[in-house]
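Asks: These are the residues of each chain, in order.
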Amino acid sequence: MIRLEDVTKVYEGGTVAVRDVSLDIPKGEFVFLVGPSGSGKSTLIRLMLREEGVTRGVIYVAGKDITALPAWKVPFLRRSIGTVFQDFKLLPNKTVVENVAFALEVLGRPRSVITPQVEQVLDLVGLADKGGRYPRQLSGGEQQRVSVARAFVNRPPIMLCDEPTGNLDPATSVGIMKLLDRINRTGTTVVMATHDHAIVDAMQRRVVQLSNGNVIRDEVSGRYETMAEQ
Amino acid sequence: MSRVAFLLREALVNLRRNVLVVTGAVLAVFISLGLAFGALAVNELVRINTVAWQEGVHVIVWLNDEGRDGVPTDAHQALLGEVQGWDEVANAYYVDKTAAYDEFLEIFGDDPDMIDALENPAALPTSIRIELNDIDLYQTVEFRLQQQPQLIQKISSAAQEIEQISAVSSVLNFLGIGLSIVLGASAVILIANTIRLAIYARRDEVSIMKLVGASNWFIRVPFLLEGLIEGLVGAALAVFSVWVAGRNLAGAAEGIRLVNLQIPNAFFLRWGIVFLLFGAAAGVLGSLLGLSRYLREADGGRPAGARRALEPV
Numbered sequence: 042m043i044r045l046e047d048v049t050k051v052y053e054g055g056t057v058a059v060r061d062v063s064l065d066i067p068k069g070e071f072v073f074l075v076g077p078s079g080s081g082k083s084t085l086i087r088l089m090l091r092e093e094g095v096t097r098g099v100i101y102v103a104g105k106d107i108t109a110l111p112a113w114k115v116p117f118l119r120r121s122i123g124t125v126f127q128d129f130k131l132l133p134n135k136t137v138v139e140n141v142a143f144a145l146e147v148l149g150r151p152r153s154v155i156t157p158q159v160e161q162v163l164d165l166v167g168l169a170d171k172g173g174r175y176p177r178q179l180s181g182g183e184q185q186r187v188s189v190a191r192a193f194v195n196r197p198p199i200m201l202c203d204e205p206t207g208n209l210d211p212a213t214s215v216g217i218m219k220l221l222d223r224i225n226r227t228g229t230t231v232v233m234a235t236h237d238h239a240i241v242d243a244m245q246r247r248v249v250q251l252s253n254g255n256v257i258r259d260e261v262s263g264r265y266e267t268m269a270e271q
Numbered sequence: 018m019s020r021v022a023f024l025l026r027e028a029l030v031n032l033r034r035n036v037l038v039v040t041g042a043v044l045a046v047f048i049s050l051g052l053a054f055g056a057l058a059v060n061e062l063v064r065i066n067t068v069a070w071q072e073g074v075h076v077i078v079w080l081n082d083e084g085r086d087g088v089p090t091d092a093h094q095a096l097l098g099e100v101q102g103w104d105e106v107a108n109a110y111y112v113d114k115t116a117a118y119d120e121f122l123e124i125f126g127d128d129p130d131m132i133d134a135l136e137n138p139a140a141l142p143t144s145i146r147i148e149l150n151d152i153d154l155y156q157t158v159e160f161r162l163q164q165q166p167q168l169i170q171k172i173s174s175a176a177q178e179i180e181q182i183s184a185v186s187s188v189l190n191f192l193g194i195g196l197s198i199v200l201g202a203s204a205v206i207l208i209a210n211t212i213r214l215a216i217y218a219r220r221d222e223v224s225i226m227k228l229v230g231a232s233n234w235f236i237r238v239p240f241l242l243e244g245l246i247e248g249l250v251g252a253a254l255a256v257f258s259v260w261v262a263g264r265n266l267a268g269a270a271e272g273i274r275l276v277n278l279q280i281p282n283a284f285f286l287r288w289g290i291v292f293l294l295f296g297a298a299a300g301v302l303g304s305l306l307g308l309s310r311y312l313r314e315a316d317g318g319r320p321a322g323a324r325r326a327l328e329p330v
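These protein sequence lines map, in sequence, to chains C and X.
Note that the working numbering has the first sequence beginning at 42, numbered continuously upward.
Note that the working numbering has the second sequence beginning at 18, numbered continuously upward.
Next up, chain C with everything else stripped away, as it sits in the complex:
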């Protein structure tokens, strides 16, 4: 589903964020990108979203080389990727329903499609009764559920999550992880950058560890840290 070949990203000023990274993420997989701050996790996510261009190397998403994608086609790439961030990125002046519907409105979907789809996804994230509330009236965990709902309402084949539990307490984080797990089980490929040890250890999924922009470990059913590190 996602393949990176010798991807290097050098920012202006010479900072190397990602160095010669090669990764192959098959369809339906759940992958954790782990590592300390500045190890290149977020940059990888941004590269897969084409929020940044690569300096060298090629990234394939669904068989297409997205590094060669003309600018006008980038929105089509993003429609096939749901994104969840640490800071939720909700619009404060829109209700829960409006925030989720926004993702479909900008794609020009008719209201007859938007209404049932939003209802369905809010039901999935457990916020069916809070559709009329504004983000400020929700807890952090609930806000993140809205953001997951918005990412998933379009049923994208890929979800990219950058520290989705970074602002949440452990109990709330578990709820979000269960949600992402459910979404993954519908066949959606999930890539999640995190430095939450407990979650990675509990989920027992593939772990890709980064350090200074290099992949230093890629385990099929891994933990946050190797036994040796512990």
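Hints in this document: simulated from the structure, not taken from any laboratory.
Note that CB positions come from ideal geometry on N, CA and C, so glycine has one too.
Mixed in with the good hints there might be a few duds.
Unchecked claim - Below, in silico cross-link-like pairs of lysine to any residue (SDA-like), each with a Cα-Cα straight-line distance of 25 Å or less:
| # | chain 1 | residue 1 | chain 2 | residue 2 |
| --- | --- | --- | --- | --- |
| 1 | C | K130 | X | R220 |
| 2 | C | K114 | X | Q163 |
| 3 | C | K114 | X | R310 |
| 4 | C | K130 | X | P142 |
| 5 | C | K105 | X | N233 |
| 6 | C | K130 | X | N35 |
| 7 | C | K68 | C | A243 |
| 8 | C | K105 | X | A28 |
| 9 | C | K135 | X | L214 |
| 10 | C | K114 | X | V223 |
| 11 | C | K114 | X | L242 |
| 12 | C | K135 | X | R220 |
| 13 | C | K114 | X | N233 |
| 14 | C | K114 | X | V21 |
| 15 | C | K135 | X | V21 |
| 16 | C | K135 | X | P142 |
| 17 | C | K114 | C | L165 |
| 18 | C | K171 | X | D221 |
| 19 | C | K68 | C | G98 |
| 20 | C | K135 | X | R213 |
| 21 | C | K130 | C | G98 |
| 22 | C | K171 | X | L228 |
| 23 | X | K114 | X | P142 |
| 24 | C | K130 | X | V30 |
| 25 | C | K114 | X | N35 |
| 26 | C | K68 | X | L228 |
| 27 | C | K135 | X | L228 |
| 28 | C | K135 | X | E180 |
| 29 | C | K135 | X | K114 |
| 30 | C | K114 | X | D221 |
| 31 | C | K130 | X | N233 |
| 32 | C | K130 | X | R20 |
Claimed, not checked - Residues from chain C shown here face chain X by an in silico Cβ test under 10 Å; the list is partial:
| # | residue |
| --- | --- |
| 33 | R120 |
| 34 | K130 |
| 35 | P197 |
Given chain C, work out where chain X should sit, using these hints.
Replies: Below, chain X alone, put in the same frame as chain C:
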């Protein structure tokens, strides 16, 4: 349909959020187009009034009396015949002493002092009234007439006044056009600024729109609509104000017979549409200018090839 409604709603939200800046942009369009349209209306007034002149007599040749000072007895009719034969002349007719007195009475009938002052009606000179094919030819005609000094007492020409009015109006036009260009440019720049501010105010929304895969045009259209509306409203205000001013001027000047201050509605309709289109174009141009930096950033980085060439590692 829902897509159009969505885009329109977004544009209206933009307008409502930045009322002050939007008002500034609308006023800039209003002032620049209002001045340009006003200059055009003044020009139209000058044209209408010179047309009235042009339809009338252009040159009056005051003649010395026949049978005196060596003027032959049939000289007046001979000159009339000659003048009527000239290519530049559309029409020429003779005003004899009786007709001249009638005209005198018509003009000064209300003024007994003037009538008393004219001791002898026969003292009024006869004249030939000439209409020209083209007003610019008056100098040629004047020159030809001057070849017969013994017959001619004086040549008066309205063409000179018309030329002076034309000169004044062309200066006014020049000033009007110059001002309009400067103000028009400032209107475009102001609209560009309001659009840039609107994008800044909505940067979170724009980034989320990009994140969920809204096309760049979908993101841009509300801002283009915003500029379009600002340009159109400013232009409509300008056209309306000049129209109202024109009406008032015509109303105030109703009693005056010498000049015609009535601008036909057809003029306002024709040029009003042109100015509305111009305002709309200025609005869209301003939006595109305001969006230009955003357009460059919106693609999320250039394709790898382009970047590789630019940034050697």
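Asks: Between the alpha carbons of K114(C) and N233(X), is the straight-line distance 25 Å or under?
Replies: Holds: K114(C) and N233(X) sit about 10 Å apart, inside 25 Å.
Asks: Would the hint linking K114(C) and Q163(X) be met if the CA-CA limit is 25 Å?
Replies: 81 Å, violated
Asks: Do the alpha carbons of K135(C) and K114(X) lie within 25 Å of each other, as the hint requires?
Replies: 90 Å, violated
Asks: For K135(C) and L228(X), compute the direct alpha-carbon distance and say whether it is at most 25 Å.
Replies: 17 Å, holds
Asks: Quick one, are K135(C) and V21(X) close enough, alpha carbons at most 25 Å?
Replies: Within the cut-off at roughly 20 Å; holds.
Asks: For a C-alpha distance cap of 25 Å, please report whether K130(C) and R220(X) respect it.
Replies: 11 Å, holds
Asks: Compare the distance between the alpha carbons of K105(C) and A28(X) with 25 Å, and conclude whether the hinted pair is satisfied.
Replies: Roughly 35 Å separates the two Cα atoms, so the pair is violated.
Asks: Interface hint check: K130(C), Cβ to nearest Cβ on chain X, cutoff 10 Å. Holds or violated?
Replies: OK, holds: K130(C) within 10 Å of chain X, min 6 Å.
Asks: Given the proposed pairing of K171(C) with D221(X), does the C-alpha separation stay at or below 25 Å?
Replies: The hint holds at about 23 Å.
Asks: Please work out if K130(C) and R20(X) have their alpha carbons no farther apart than 25 Å.
Replies: 23 Å, holds
Asks: Is the straight-line distance between the alpha-carbon of K130(C) and that of N35(X) 25 Å or less?
Replies: 23 Å, holds
Asks: Holds or violated: are the alpha carbons of K114(C) and L165(C) at most 25 Å from each other?
Replies: 30 Å, violated
Hints 2, 4, 8, 16, 17, 21, 25, 28 and 29, counting from the list given before, are not met by this structure.
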